[in-house]
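Chemist: First residue of the sequence shown: 1, per our numbering; consecutive thereafter.
Worth double-checking, as some hints may not be accurate.
[To be verified] Derived CB-CB ranges, DEER-like:
| # | residue 1 | residue 2 | range |
| --- | --- | --- | --- |
| 1 | THR268 | SER316 | 15 to 23 Å |
| 2 | PRO405 | GLY221 | 52 to 60 Å |
| 3 | ARG223 | GLU413 | 49 to 57 Å |
[Unchecked claim] Straight line, CA to CA, 27 Å or less: simulated DSS-like cross-link-like pairs of lysine-lysine:
| # | residue 1 | residue 2 |
| --- | --- | --- |
| 4 | LYS414 | LYS64 |
| 5 | LYS54 | LYS414 |
| 6 | LYS64 | LYS54 |
| 7 | LYS416 | LYS64 |
| 8 | LYS416 | LYS441 |
| 9 | LYS379 | LYS54 |
Just so you know, these hints were derived from the structure itself, not from any lab. Ideal Cβ positions, reconstructed from N, Cα and C, are used throughout, including at glycine.
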Amino acid sequence: MDLCVPLKPTATMAFPDFVPVDSTRELHDWLVDNWWVVLVAGSVGVVGLATVVKFAGSPFYIHKDSALFQHGGWYILNGGTLYVDIWDLKPPLIYWLSAVLALFSFGNMALLHIYGIVTAVTAVSGGIIFVGLTTQRLTDDRFAALVAAGSMLLLTSLYTFPYAGIRPKYIAFLCGAGALYFAVEDRHLVSGVAAALAAGFWQLGGLLAFLVVAINGHRGGARGAGRTIVGGLAVTVLTVLPFVLTGRAIPLFVEVVLGPIYGVERYTLFGRLLSLIVELGPGVLLVPIAFAGYALVIRRDWRAYWWVPAGGGLYSLQIFLEFQGAIELVLLFVFLALGAGVLTAELSMPSRQSTLAGVLVVLILLSGLWSESPVVPGKDAVVDLQQQHDIPDYDELPPDPPNSPSMQEIYWEKQKPDNCHYRLGHKQKYFETVTGGSIHKTTCGQWPYDQEPLPWVLDALNPVS
Numbered sequence: 001m002d003l004c005v006p007l008k009p010t011a012t013m014a015f016p017d018f019v020p021v022d023s024t025r026e027l028h029d030w031l032v033d034n035w036w037v038v039l040v041a042g043s044v045g046v047v048g049l050a051t052v053v054k055f056a057g058s059p060f061y062i063h064k065d066s067a068l069f070q071h072g073g074w075y076i077l078n079g080g081t082l083y084v085d086i087w088d089l090k091p092p093l094i095y096w097l098s099a100v101l102a103l104f105s106f107g108n109m110a111l112l113h114i115y116g117i118v119t120a121v122t123a124v125s126g127g128i129i130f131v132g133l134t135t136q137r138l139t140d141d142r143f144a145a146l147v148a149a150g151s152m153l154l155l156t157s158l159y160t161f162p163y164a165g166i167r168p169k170y171i172a173f174l175c176g177a178g179a180l181y182f183a184v185e186d187r188h189l190v191s192g193v194a195a196a197l198a199a200g201f202w203q204l205g206g207l208l209a210f211l212v213v214a215i216n217g218h219r220g221g222a223r224g225a226g227r228t229i230v231g232g233l234a235v236t237v238l239t240v241l242p243f244v245l246t247g248r249a250i251p252l253f254v255e256v257v258l259g260p261i262y263g264v265e266r267y268t269l270f271g272r273l274l275s276l277i278v279e280l281g282p283g284v285l286l287v288p289i290a291f292a293g294y295a296l297v298i299r300r301d302w303r304a305y306w307w308v309p310a311g312g313g314l315y316s317l318q319i320f321l322e323f324q325g326a327i328e329l330v331l332l333f334v335f336l337a338l339g340a341g342v343l344t345a346e347l348s349m350p351s352r353q354s355t356l357a358g359v360l361v362v363l364i365l366l367s368g369l370w371s372e373s374p375v376v377p378g379k380d381a382v383v384d385l386q387q388q389h390d391i392p393d394y395d396e397l398p399p400d401p402p403n404s405p406s407m408q409e410i411y412w413e414k415q416k417p418d419n420c421h422y423r424l425g426h427k428q429k430y431f432e433t434v435t436g437g438s439i440h441k442t443t444c445g446q447w448p449y450d451q452e453p454l455p456w457v458l459d460a461l462n463p464v465s
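Construct the entire structure; sequences and hints are all you get.
Modeler: Shown next, in the form of structure tokens:
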């Protein structure tokens, strides 16, 4: 998949002859010597193997969101219009990618699903590799690179869920992690392109895009920031221009910009913090590990590392904006993993580095059990406590239309729904409710206010209006 610039390894890839296990120090040194092989083989191997195992257990299972994206790609090729016949709040790039996959599936939805799974595995594996490469480039420590990449596995849904189909957050992870790598490589233009692609798959990638401009401005001055902005603007224009030229700019704005603003869920602070534990389990302990790394590198050389804790701090605020599952935290985990990596580099002594790596391996295993095992001591108690402090995401929502097919039925049967609201998610129901719309519409994307779009936007941007 050629969404971002191809990876260029810094060492010749050759599979090692053996793995010494006589001592912790020997294993540490072997990992350092063969870090590139371990990084690539480990990332692809873990994600690929987990996907094969999960797929074997539930062949051709497809999540309802993945069904929407993959069906949407097929639908667009067969007369459907994005944001008019298909209501969704995700940016358009996931549908364009799905349309390309659908083109080569020749109407075979099973083959399209396989393409979606392969795309998801490739994106996740590539993102993990980019995290490792960024850490190595930033710290010049190969062992730290492996620790950072491995820390991403504490987000268990990152490698246990690609079997259920394509999702935009996987691609945003790939391009976002790639943007950071190209930034520390001083490849400003490519970094801007990759960051804009991340935002084009998921709105929260936009925050990373601004951070990448700041990184390149810090490292390359005005010229570096300028080239980053040029790359980002090129992607933005190419993404938005087709909608402008076809008269669909208003539906794009209504669903991709206004939809997420209205869609912020209600929660209690304690309930939301408990949700973190429910979703991440022992993986939540990566947070103090990463913040310890932030503290050390800020004290030692904040000019070189400032953006790592800045990114971690900014994306930590995300849990108060959008958090419907662990995968929502994937960009936060990029910066948490980098924090674990820089902490490893700061420890410097192999024995201390190995100890931290061992702790993280234990946490990865425990997190996997927490996520996948039907019986985990203490988990039910945490879930019950979280539910006691939880509140409904939204006020009363309209019921689904009678006899509404599931997204899975729509996907496998290649239906062309009569209504544009066929995903029937809570956010779109709430949006239509508060804006006076209806989930029974045949077409979507209408401007929801009495005031014309341009005056409305100008008033919204005016802080004194």
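Chemist: Hint by hint, say whether it matches the structure.
Modeler: Verification of the hints:
no.	hint	in the structure
1	THR268 / SER316: 15 to 23 Å	holds (18 Å)
2	PRO405 / GLY221: 52 to 60 Å	holds (56 Å)
3	ARG223 / GLU413: 49 to 57 Å	holds (54 Å)
4	LYS414 / LYS64	holds (14 Å)
5	LYS54 / LYS414	holds (25 Å)
6	LYS64 / LYS54	holds (17 Å)
7	LYS416 / LYS64	holds (16 Å)
8	LYS416 / LYS441	holds (14 Å)
9	LYS379 / LYS54	holds (22 Å)
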